[in-house]
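Asker: If you want the building blocks of each chain, they are given just below.
Protein chains: 6
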Amino acid sequence: MANLNNGNGAYGSVIERVTGQLCEPGSYEGVYHRPKHEQPMPSLAALEEVMERLKAVLFPGYFGNSEVTPETMRFHIGANLDAACRLLVEQVKRGFCFVCPRDEQRTCAECEDRSQRISQDFLERLPGIRSLLATDVDAAFRGDPAAKTPGETIFCYPSIIALTHYRVAHALHHLGVSIIPRIITEMAHSRTGIDIHPGAHIDENFFIDHGTGVVIGETSVIGRGVRLYQGVTLGAKSFPKDEAGMLVKGQPRHPVVEDDVTIYSGATILGRVTIGRGAVIGGNVWLTRSVPAGARVMQPPGQREALVEGSGI
Amino acid sequence: MANLNNGNGAYGSVIERVTGQLCEPGSYEGVYHRPKHEQPMPSLAALEEVMERLKAVLFPGYFGNSEVTPETMRFHIGANLDAACRLLVEQVKRGFCFVCPRDEQRTCAECEDRSQRISQDFLERLPGIRSLLATDVDAAFRGDPAAKTPGETIFCYPSIIALTHYRVAHALHHLGVSIIPRIITEMAHSRTGIDIHPGAHIDENFFIDHGTGVVIGETSVIGRGVRLYQGVTLGAKSFPKDEAGMLVKGQPRHPVVEDDVTIYSGATILGRVTIGRGAVIGGNVWLTRSVPAGARVMQPPGQREALVEGSGI
Amino acid sequence: MANLNNGNGAYGSVIERVTGQLCEPGSYEGVYHRPKHEQPMPSLAALEEVMERLKAVLFPGYFGNSEVTPETMRFHIGANLDAACRLLVEQVKRGFCFVCPRDEQRTCAECEDRSQRISQDFLERLPGIRSLLATDVDAAFRGDPAAKTPGETIFCYPSIIALTHYRVAHALHHLGVSIIPRIITEMAHSRTGIDIHPGAHIDENFFIDHGTGVVIGETSVIGRGVRLYQGVTLGAKSFPKDEAGMLVKGQPRHPVVEDDVTIYSGATILGRVTIGRGAVIGGNVWLTRSVPAGARVMQPPGQREALVEGSGI
Amino acid sequence: MANLNNGNGAYGSVIERVTGQLCEPGSYEGVYHRPKHEQPMPSLAALEEVMERLKAVLFPGYFGNSEVTPETMRFHIGANLDAACRLLVEQVKRGFCFVCPRDEQRTCAECEDRSQRISQDFLERLPGIRSLLATDVDAAFRGDPAAKTPGETIFCYPSIIALTHYRVAHALHHLGVSIIPRIITEMAHSRTGIDIHPGAHIDENFFIDHGTGVVIGETSVIGRGVRLYQGVTLGAKSFPKDEAGMLVKGQPRHPVVEDDVTIYSGATILGRVTIGRGAVIGGNVWLTRSVPAGARVMQPPGQREALVEGSGI
Amino acid sequence: MANLNNGNGAYGSVIERVTGQLCEPGSYEGVYHRPKHEQPMPSLAALEEVMERLKAVLFPGYFGNSEVTPETMRFHIGANLDAACRLLVEQVKRGFCFVCPRDEQRTCAECEDRSQRISQDFLERLPGIRSLLATDVDAAFRGDPAAKTPGETIFCYPSIIALTHYRVAHALHHLGVSIIPRIITEMAHSRTGIDIHPGAHIDENFFIDHGTGVVIGETSVIGRGVRLYQGVTLGAKSFPKDEAGMLVKGQPRHPVVEDDVTIYSGATILGRVTIGRGAVIGGNVWLTRSVPAGARVMQPPGQREALVEGSGI
Amino acid sequence: MANLNNGNGAYGSVIERVTGQLCEPGSYEGVYHRPKHEQPMPSLAALEEVMERLKAVLFPGYFGNSEVTPETMRFHIGANLDAACRLLVEQVKRGFCFVCPRDEQRTCAECEDRSQRISQDFLERLPGIRSLLATDVDAAFRGDPAAKTPGETIFCYPSIIALTHYRVAHALHHLGVSIIPRIITEMAHSRTGIDIHPGAHIDENFFIDHGTGVVIGETSVIGRGVRLYQGVTLGAKSFPKDEAGMLVKGQPRHPVVEDDVTIYSGATILGRVTIGRGAVIGGNVWLTRSVPAGARVMQPPGQREALVEGSGI
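Chains as they are written, first to last, in our numbering: chain A, 32 to 344; chain B, 32 to 344; chain C, 32 to 344; chain D, 32 to 344; chain E, 32 to 344; chain F, 32 to 344.
Certain hints may be false.
Which copy is meant is left open, because identical chains are indistinguishable; a pair holds if it fits in one copy or across any two.
[To be verified] Simulated pairs of lysine to aspartate or glutamate, DMTMM-like, Cα-Cα distance not exceeding 20 Å:
id, residue 1, residue 2
1, K272, D291
2, K179, E60
3, K272, E98
4, K179, D134
5, K179, E274
6, K179, E135
7, K272, D169
8, K179, D273
9, K179, D290
Worth flagging that the hints you see were computed from the coordinates, not collected in a lab.
Generate coordinates for the entire structure from the input sequences, incorporating the hints supplied.
Answerer: Dropping the structure here:
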């Protein structure tokens, strides 16, 4: 590495100059977020640890210590809960700081109190979250002929990872936490290819087979016993803008999927439509209107393929 | 963090209460798997290390120590093999415990012996696995105009990662190992978006370009020289249930893809159909029946798009 | 683990034999890459650290130290730049060695010098890369009704991760670096499901929503303000072979997408076609020809679905 | 690193040859210990973790999680106990294997059972060990004018570290564990310079100030309220040999130090002598005979120094 | 590990019972320190990181990044300073909490403010600390015939490590920080065998050769250019107690050592005596009174050894 | 942490100012070592890894992988040797750079070649180093009545750690390596309290019991079968200075200790004296002259203690 340390300062002056450019306020405008009160930013590493510990709490033995038994479970669960909650309080507070408006009257101490209350409230919801996840595990086991035991779905099915992150994030979202829920679901998106917005409502017994490419938008509502396959999109159809040309945010704009619906791979359903109870949506279908309960919607078979027999490549 | 440690015990009692709820047998029923003989669970961390070491064995220099040379290769390979095998024996045993039926007569010592025999048998298959992977590397190199050297495909192509996990997992599956093979392929699914069931049969010279969203089901059979693109599904069409309404597991229900077939992106092939030798399946095709050798199956061109010229958004 | 150490040498002889087989030159032919001059191979771990540090440089506070402030930013950025550059010089050199032809006349010292020059040149491009990424962040924020702040898109949007890797890799590719750029974009592909070749040209204000399954090929050209959704492919249509039957590499063979084009999920565009300024390509469209500016291309509505009302499953 | 990989095999053949020499049985004779039944060796890393966890159990908040409170203490202690015990069982077994005589009739299964029984018995002794350590903390606080709180002695006094390792090791030694207790006290010796053999008997309220260089031999007996300073040796005077010229092992050969004795820095006491209750042994004294209760033994003042006034250097 | 998980709950009930015993308030009385306001305890791991970063600041290139150069030094130093200071503020606050009296009127917010002020004041002292350490490095180089360069003493001399910890801890002690300074000097004691109380005053150009066993008490005062060898004690002679029988704390009770004194190995100097400028104290001398400037104090030669020629062992 | 980020720049300006002061050339003069050719400094972390790997090579099973067996030993030893050697080459080169005189004519390439040759030569000496260490293990076992097996001394005796570092460092020192040998022995000093200069000559069968405080100077010569106890110093008596007042470096100035000598705890032997074969030096003896073979030198018994019976404290 002779030249980097070549003593004539060339390398040093490059580092100096580039650093200077990157630190000019005009340069980091737009990518550097300066929170009010100069609080630190949410930490991805801390949130990773929170989720690792919560997974060990929700699925003892599968995640975290693999030698936990019913006799010693309470110690491991309690220790993980305590550690996760302490990390979470700090991150929830940082989340509030991240979006704290310039004209906010609330003090940092108020946000700290609020973060503590929310984190404790969140803990209280964990038994309910586990109950829901138990129905998801059951749905995965019953829904896949390749699964030999329910436990196998916890170890091997991206659906369970994605739903664990989603159900945790959804509870935090519901408690009013800022940005942290989105980070938590994006962690699962990165690992599974399943992108569920924490604002979506998903009832029990939900299963996504294979999962890569699934998108479930912010205002989606999904009933009990719904099953999706890979590549399904529950998306928005259009994005109304306000007079200033900015997107109007937060409007219901994603589908309602009623109980016991099955949606096969690659299907796309857009807009605030309703898929009626028990309906089946076929693979690759593109749907922008409601369908009644019990309906079957398929690509017209003739449109799917044109066979040209005997042709070489 | 004043309130968490506020000395009035509020926080402590929340942790206590939630832990208690999460440890009631009724609560963890369905998500906690209690193996027979109270053996520990498979460990994801241990299996990650097994795969890291096996990749360093199969592709010396690419994974593990990047400074290995032919002169010193044997030491690094031998050391990694030994360490991987010791970890694997324990995990294979835990896999057996995980599915050990309540009425099993076999002792733990028998499972331990079996795990040792299987792990040694698995080692013996590694040279063959490497030979197969070498054909896959060759297929990737020859199949992609963007690849400059075969080695580049090992470093940069998700196909090679996915096939390495699959070929290892398939060998373990074939030796009768429980659950561990599924965990190993799911690791690759998480990293590559390519979901190959360890039970599938895949012959040499296989290549998946880009790969995200590919699904290859449990009973698929794939010949030599087959090439897939991203988003291809080789899936099951229907799931026969038994009289109790439970899915019948293990039946042949995925496609047979013969030698030299090419399947373009987004195509979906469902059921125990046969795609004849040398056939080409076009992008986005939805196929639920067999096609003869040499056939070309495409979406009917007219169905793909409707141009509305000049319209604004 | 009684039998592995059983003293009769059975286990030891298996390790010995399998290691021997895996070290026979014929065995690693095809998977072991022996660089000229016996230089070490590129290291994935080192490149991971390079990217972690560059992300901390480009998005201070989001990645790396979460407590950075404008007052102390310059120190953290300078320290990360220096450390990243030192690692990069070594990896760039290893990249050259990786593809060094057997008849190369250049010495290792020349490659080392070249690696240093290139790495310094690369540093100089970082401010420009950040400016581009700032436009991408803005595009993500303006493009998604669910985004509350621009900063949220840096934390939570796979688009930003994928573009950060791409823009870094593209600069290195442009400077003539071998193989390293492909490894860097594949890291992002693994994490986001978005596969962008470092050779593609992408102008400012680019946004990919959700992103899983997107493929952008080596010779694609993308204008300003383009927006893609998940599952979009910008691919090649055919692969001309030379007389020896080998693929001809490096030819323009992917689409040109002009400014302000939107391409909805699952659309596939193949070949050196041009999508005119402001055009909108609908979901799942399969397109192999050019379309004029302002055009809207949709799947013919009637082809998308066939409703069979009232049918049960 | 051109030459190491110089392709002419010189480096490779050196590695090969040296490895070969180091693996000739004659070479590792004397330094490689081959246990009966080919069991693995005790692991220093595992024993480090055992001690880290036990310290977190014995001194909650000081070691391990620094945020433990009385409300959540039970979870952290229980989780650490469980994890420490599981590691300990394995290491205790390996300790037995390490010394297993060639003509041993006991099976490995018997040693495993014994390791489990001993480890559980050891757990039961932890409350008693903590009671003893609490008296040691009290002695340290009362004995040093520089200590502001008892807690300060836990954080800052090598005496407490050394006694924690000793009291744990002594309990294991008393339960018949092989070699592991010595490894545990040597860990403390390395960190504190205080070398206490696990076989020594030390009663409550023991304090060693500063500590570096203290040696307390295998058969020492120390009463209540004893205080030592740095550099004190309680050693053996002579080493009787048997007819074969080998040292006779295990005989009482170190001092008995009765209650409330103080021994100042650098004093050396050798052989099975008794230092009577309340005696004070001055600094640098060399003592090989018993002294009565209440005695003061000092270096004769005139022997300590010869002043040569006014001399330069 | 059959029995630990034997399903009859024996192991679980042991863990449960022992944990219960260890959590009874009476059990942890004396070893568990419950700070006022329930604040967390100082963290040894955080303080280790503080010292690692400060050493990288004070001795760039020797500790931390070994590739720092004058051109890039400022970035690495600034980044380490910032990170160290943020960690230190929290630990200083925890130190105050650790000793916060039950009747304290000060609020936690006041302690937090004070911790921030102190930590910034401490930063301002670092240039002065480095100047002092530079004189210590010079003293070590000039004092040891075996040293080839001054830099060698930074890498290899325990004296420099011990003085770095001491000079940092002394500055914090002087700023009124509780307990943290003692933890910092004890870290160095553990690594070097040199035990310096942070309250001692040590002027420039100080050198301790070899160092193991050196003890320098709380109220010691050491002038310029003093040199010590291993095993030297500067201790207290007696410990006056108050009427309650408790030791009176904080009184001057250790030696004053004037400029240019040399004290050879194993010498013990006790009490508030003065060793005059330029004096030389010989090895193993035991001294409890003052000596004038320029004096040489040696063990009387005849007292040191008694030769018994020709005797065997 | 409100104030640190208080937005008024106070904290930032402190960091800025202190960093500036610490980066003024005048400030780091004396503590920053600027090597010729601007090469990086030796890395303590890299040298720690070198020693960990060499210990695993020299004592297989005790250090590194605890599951190594004779059957697989060669792989682990070869892999550790290769990795250690590659690290060592770089560190040896950095050691040369560290002391490279300003008027040096040698090029960096020459130093690199020399580092490679030396490192390979060093490898060739490892079998001899192990043979010597095997005699040290034997000496430790035979010399301590508390040792139950030779293996126990490898796990538990600081003597073996210190000698392993010394024998490695001595070989490097003998091959002309700069500074690295001193760093290696200081690592052992830190862990064991035994300070052996790499320049000392120590023959086989050497044992140091307990060890804390032992110092063995640069030009010491120690024969076969010598045994030392804790606190023994083999030091220099005087330090001749040259006309410029600088110490004359490198002269023989430490004792010669012939075969089979025993030196008890706390003895100090200074200067180029000879302790004749088989002599015994008693505890705390201070010796500055030679003694003949077979002599016994003891403190005069009457000088050691003055008993003041019955006195209280």
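Asker: Does each hint fit the structure? Answer for all of them.
Answerer: The hints, checked one at a time:
When the C-alpha separation of K272 and D291 is checked against a cutoff of 20 Å, the pair qualifies only between copies, where the shortest distance is 17 Å, while the shortest distance within a copy is 34 Å. Taking CA atoms no more than 20 Å apart as the test, K179 paired with E60 passes between copies only; the shortest distance there is 17 Å, against 53 Å inside one copy. When the C-alpha separation of K272 and E98 is checked against a cutoff of 20 Å, the pair qualifies neither within a copy, at 54 Å, nor between copies, at 36 Å. Taking the shortest Cα distances, K179 and D134 sit within 20 Å of each other only across copies (17 Å), while inside one copy they are farther apart (57 Å).
For the homomeric pair K179 and E274, the shortest alpha-carbon distance between copies (18 Å) is at most 20 Å, but the shortest distance inside one copy (56 Å) is not. Proximity of K179 and E135 under a CA criterion of 20 Å is satisfied inter-copy only: 16 Å between copies versus 54 Å inside one chain copy. For the identical chains of this complex, K272 and D169 are inter-copy neighbours only, at 16 Å across copies versus 42 Å inside a copy, given an alpha-carbon limit of 20 Å. Proximity of K179 to D273 under the C-alpha cut-off of 20 Å is restricted to the inter-copy arrangement: shortest distance 15 Å between copies versus 52 Å within a copy.
With identical chains, the CA atoms of K179 and D290 are never at most 20 Å apart, being 26 Å at best within one copy and 31 Å at best between copies.
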